[in-house]
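J.: Okay, here's what each chain looks like letter by letter:
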Amino acid sequence: MKVLLVGNPNVGKSAIFTQLTGVNARTSNYPGTTVSYTSGTLTVVRKNPACASCSTIKCKSCHIPDTEKIEVIDVPGIYRLDPECEAEQVACRLMPEGDIYVNVVDATNLERNLNLTLQLLEFKKPVIIALNMWDDTIHKGISIDVDKLSEMLGVPVVTTTGITGAGVDKLIQKILHYPKKVTPKKYKNRWQAIGEIVTSVQSLEHRHHTFLERLQDISVHPLAGIPIAIAIIIALFQVIIVTGEFLVGLMEQLFDRYYTPFILFLSRLLGGGGLWHEILLGDISADKIDYEAAMGVLTTGIFMELGLVFPYILIFYLVLGFLEDLGYLPRIAVLFDRFMHKVGLHGFSIIPMMLALGCNVPGVMAIRNLESRRQRFITATLTAITIPCMAQSAIIFSLTASYGTGHVIAILITIMALWVVLGSFLRLTVKGTTDTLIMEIPPYRLPGFKVLMRNLGTRLYEFLTDAFPYVLGGILFVNILTMLGVMDFLGNLAKPVISGVFGLPSEAVSSYLIGIVRKDASVALLEPLALNGVQMITGVTTLIIYFPCMATFVVLLKELGFKDTAKSMLIMVEVTILTGTWVRLTMLIVHNSPWLYTLVTALFAITVMVVANRKAMQKSSESL
Amino acid sequence: MTLREMKIGDRGIIRIINGGRGVCSKLESLGLREGVQIVKKSAVMGGGPIIVEAGTTQIALGCEIANKIIVGHP
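First to last, the sequence lines map onto chains A and B.
For the first sequence, our numbering assigns the number 1 to the initial residue and increments by one for each residue that follows.
For the second sequence, our numbering assigns the number 1 to the initial residue and increments by one for each residue that follows.
To be clear, the hints were calculated from the coordinates, so they are not data collected in a lab.
Owing to the predicted nature of the structure, the values given are computational and were not obtained by experimental measurement.
Among these hints, one or two may not hold up.
[To be verified] As a list, the in silico DMTMM-like pairs of lysine to aspartate or glutamate whose alpha-carbon atoms are at most 25 Å apart: (1) K450(A) / E622(A); (2) K68(B) / E622(A); (3) K615(A) / E64(B).
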């Protein structure tokens, strides 16, 4: 038996899904978190008459194996059965496969949600309604006559609170005893029918504005909204960097105290030198270990992920998770909608890009929520080219810190300028349309600690299981290639670009090679090269741009298709060479002053944006 | 009066939506259709989106669309 969880976006389908199956589906407070379906199994124990306490799924007092396995599918949210974006199409394709529809309805938004419900009732499939976010109706002064609603719709209705799991047991019982006979309904005037239902089952109580509602109004205030958002974003990055640095310091101490003795022991075991010593431990002296420069699999490999990257990933996802669950991301999308039009997008595209700051893979996957091919192409290309993931950023922070603030700002501005310039260019050249923003803004909800931790746990687990094999394997691979002399050969081959254009030593080729697999390891490989300031900026920016990691590339292929990915890659190569040249030449002109360089680059980007904006306006007025 | 011209904080009823079928059906699925009462909550500066409240839902609309929605007094 297959149960489909169907409902509007952001009504808590994923939370109900997690409660039913124990499979952790990512939840947040904005529409479009689930972009493809997740399936899980609900195991039900048929009540054993001999056991008094056995009515739940996990009965501890008896272990009667009379269980039934039910497949549950978490379907992306839809407003109607008439798909517009990719995520909605996924949902509509799934519909015929279900045996039962569990229609998850946001109880605080009954009227709008019933539109989909009534469409579902027109199918010849049993429907059960989970009236979710039931706890919220109490705060909001909404009361709903559940029995009457059930009677008017002719289907069972259960009240649930997905986040806490309240009512889920009752829902399971209804699924087990679903109505076998179904007579599809036909509504002549759907909205009239909805109106009748809502007026007879729902009553609203007037109450005062809550603190969260006031906060809601301030965050999208006509004048204050944007400055507040900018201040929040800057403050959050400060928090991430400061906390990240603090945690890295803590990790360094832990490594020195507990890990160094182990490595030194291993070093003695390996005889203090030789092939394996070189590959596994790298360049370590007898008493002190420079974990960042040693380049051994077990020294730099382990330290880089646990000591340098993990702290930043932890704090970043804690902050992002809080913003997501609170519901701030869609508000950022609304506030920066106008600005995003300058690069041919609308506000929603900011959400994939913010996710990409953590990891490009979920970022690129989130483009499914965008309506047109043009929007998907521009968002994916800009994300893959200009947005470094947190793992990469963490290494960049630690690597560039010794070069001074000027250099860090120069790198940041180069990437932001590239975003603006490339975006303006894509806006003028990519064919197709960009839709006007139409988006529901969810109410703020205070994030629950348990849910926050669960989402954080999933993300950290994904990071650790993804990163370790690739980073350790990648360093192993580079070490072996270096020993075999393959790196020297490749270095000579790539010399015209790497040394000729970018002005980097030819050994940097290993960075570009490993960057195909992992971006954090690739930046770390610049460390032993003892680069000067200009080389550092060129090296780091080109490493961010030239190729997304393999995992992102695969997702790009899946989301954009072969042709558009090829186009995106072509742009990547051109942009890498242009940016490398720009950094080197501009630095030459400004006599290696990072501050002057930053100024020139920023002015250039603003000029390009203004000119492109004027061109685009001309174009659109001509076409009218 | 169009939704864009409406004052922030005012209440109104949607009279006409001058959009294509696609836009109308998308708006309808969010609960915005002719005859529905709305409150204009905000309009982001510099020609940004307009935020309206219909029932208990808040919806952001790009100003091109807000220009196509004609609102009357309740």
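J.: A separate judgement is required for each hint: does it hold in the structure or not?
T.: Going down the list of hints, with the structure as the test:
Our distance criterion of 25 Å between C-alpha atoms is broken by K450(A) and E622(A), whose separation comes to about 55 Å. Between K68(B) and E622(A) the CA atoms are separated by roughly 21 Å; this keeps the pair inside 25 Å, and the hint holds. Our distance criterion of 25 Å between C-alpha atoms is met by K615(A) and E64(B), whose separation comes to about 19 Å.
The earlier numbered hint that this structure contradicts is number 1, and it is the only one.
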